[in-house]
Amino acid sequence: MANTTQMLKGLLEGCILKIVSSHETYGYEICERLIDYGFQDISEGSVYPILIRLEKKKLLRSIMKESPLGPMRKYYYLTEGGTEELAEFISSWDKIKNNIENVLEG
Amino acid sequence: MLAELQLKQIRFKQQKKLNESNLSLYKSITSYIQNSYLRTIEKEEILQQIMDMMLQSQIENKPIKLVVGEDYKEFCRSVIEEYMKSKSKIYWALNYLQKYLIWMVLITLIMLLVDGMTSITVNQFLLANMVSLISIPISRKDSQENASTAPIPCYKRIYFKRDLSSSAIWILAAGIVMILFSYITEDKLGLNINNYKISFSAGIPYLILIILIIGAIEIYKRISDIKQQS
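Sequence lines, in order, name chains A and B.
With numbering that gives the first Met the number 0 applied, the first sequence corresponds to residues 0 to 105, in that order.
With numbering that gives the first Met the number 0 applied, the second sequence corresponds to residues 0 to 229, in that order.
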């Protein structure tokens, strides 16, 4: 299962879109949420690069505001494209989940 | 330019809040990112985010590896790659050409200055070109690999050696081209081109042209960056 990491990273993109869709959020908070959901190993070091990718693909947009800690912080929002992508992700995930469950149930 | 300076000032002010180990890691990351080909504003954007995440993990007493991962170089590479991937091949080719022209003009001007602003030989001009061509990949790569302030683990030392040897290959290749050039022009064609003098006054129109090209590339780069952000 050498490609598990790669596959999970793809799924992580969908999960990040979902987290951003619920409310205005920023890099560290997204990391924390993913860890809370049990994605610690896979999210280490990969959340911030994914955020950049999603923004470059115009699925997310961001606004820089001063963070309470001092530096400038990027707050992320879903774009129209991001909303569509998230809907697509949810429907493909449902399909995959059903298919796998069917296979496992024999 | 103003935005970049303001961001830099914020970083200098805020980095004092980092504890010793985080500061050392932050400095290594800064050095790695600064030595990439990204634009100053992009580097600042990245470093602000990293500093913010580091400060928060420090306050919450959580390990920074949750954000950066086990290997900060790997993290920096993937961040830089995301920015680089989003730009076209033409952008990077023009970027390289621009850097090369800037180096070439600067080195040629320094050589002229040493010579009293009168002239330089073809040989010196060739050398300026060679140095400009090879200095772009070498200066960035080696500085990135030297960025580590922590003791370098064994596997990273292998990386370092590989990059050093690739630098050596560049220098060797440049040297061979120069020797070949003088061999062909002097021995085969019987020309002593290498010692021909190029006078400063004759070079001025070319200098203006090159500066215009550098400026045009800069305008192209800025326009394509703005297009991407909107």
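Keep in mind that the hints were calculated from the coordinates and are not lab data.
No experiment lies behind these values; they were computed from the predicted model shown.
Some clues are possibly wrong.
In silico contact screen, one side only, chain A against chain B (beta carbon under 8 Å); selected entries [unchecked claim]:
| hint | residue |
| --- | --- |
| 1 | Y27 |
| 2 | C30 |
| 3 | E43 |
| 4 | I51 |
| 5 | K55 |
| 6 | I62 |
| 7 | P70 |
| 8 | M71 |
| 9 | K73 |
| 10 | N101 |
| 11 | V102 |
Derived lysine-lysine pairs resembling DSSO-like cross-links, with alpha carbons at most 27 Å apart [what the hints assert, rightly or not]:
| hint | chain 1 | residue 1 | chain 2 | residue 2 |
| --- | --- | --- | --- | --- |
| 12 | B | K64 | A | K55 |
| 13 | B | K226 | A | K55 |
| 14 | B | K64 | B | K7 |
| 15 | B | K12 | B | K84 |
| 16 | B | K88 | A | K64 |
| 17 | B | K226 | A | K56 |
| 18 | B | K64 | A | K17 |
Computed list of chain B residues with no C-beta within reach of chain A, every gap over 12 Å [to be verified]:
| hint | residue |
| --- | --- |
| 19 | M50 |
| 20 | I170 |
| 21 | S181 |
Ideal Cβ positions, reconstructed from N, Cα and C, are used throughout, including at glycine.
Outcome of the hint check:
A least Cβ separation of about 5 Å between Y27 (chain A) and chain B falls short of the 8 Å threshold, and the interface hint therefore holds. Against a cut-off of 8 Å between C-beta atoms, the interface hint on C30 (chain A) holds, since the closest Cβ of chain B lies about 6 Å away. Restraint check, E43 (chain A) versus chain B: the minimum CB separation of about 5 Å is within 8 Å; hint holds. Contact between I51 (chain A) and chain B, as hinted, is supported at the beta carbon level, the nearest pair being about 4 Å apart and thus within 8 Å.
Taken as an interface hint, K55 (chain A) checks out: its beta carbon lies about 4 Å from the nearest beta carbon of chain B, inside 8 Å. With its C-beta approaching chain B no nearer than about 12 Å, I62 (chain A) sits outside the 8 Å limit, and its interface hint is violated. For P70 (chain A), the interface hint holds, the least distance from its beta-carbon to any beta-carbon of chain B being 4 Å, beneath 8 Å. Proximity of M71 (chain A) to chain B holds as hinted, the smallest CB-CB distance being about 4 Å (cut-off 8 Å).
At a threshold of 8 Å, the smallest CB-CB gap from K73 (chain A) to chain B is about 6 Å, leaving the interface hint in force. A least Cβ separation of about 36 Å between N101 (chain A) and chain B goes past the 8 Å threshold, and the interface hint is therefore violated. Taking 8 Å as the C-beta contact cut-off toward chain B, the hint placing V102 (chain A) at the interface is violated, the least distance being around 33 Å. For the hint linking K64 (chain B) to K55 (chain A), the alpha-carbon distance of about 25 Å falls within 27 Å, and the restraint holds.
Between K226 (chain B) and K55 (chain A) the alpha-carbon distance is near 11 Å, which keeps this suggested pair within the 27 Å criterion. For the suggested pair K64 (chain B) and K7 (chain B), the alpha carbons sit about 24 Å apart, so the restraint of at most 27 Å is met. Distance restraint check for K12 (chain B) and K84 (chain B): the Cα-Cα separation of roughly 32 Å exceeds the 27 Å cut-off, and the hinted pair is therefore not satisfied. Our distance criterion of 27 Å between C-alpha atoms is broken by K88 (chain B) and K64 (chain A), whose separation comes to about 32 Å.
Simply put, K226 (chain B) and K56 (chain A) have alpha-carbon atoms about 13 Å apart, close enough for the 27 Å limit, and the pair holds. Our distance criterion of 27 Å between C-alpha atoms is met by K64 (chain B) and K17 (chain A), whose separation comes to about 24 Å. A beta-carbon of chain A is positioned within 12 Å of the beta-carbon of M50 (chain B); the least distance is around 5 Å. Against the 12 Å criterion, I170 (chain B) stays outside the reach of chain A, whose nearest CB is about 33 Å from its own CB.
A cut-off of 12 Å between C-beta atoms confirms that S181 (chain B) is not in contact with chain A; the least separation is 47 Å.
Comparing the model with each numbered hint stated earlier shows that hints 6, 10, 11, 15, 16 and 19 do not hold.
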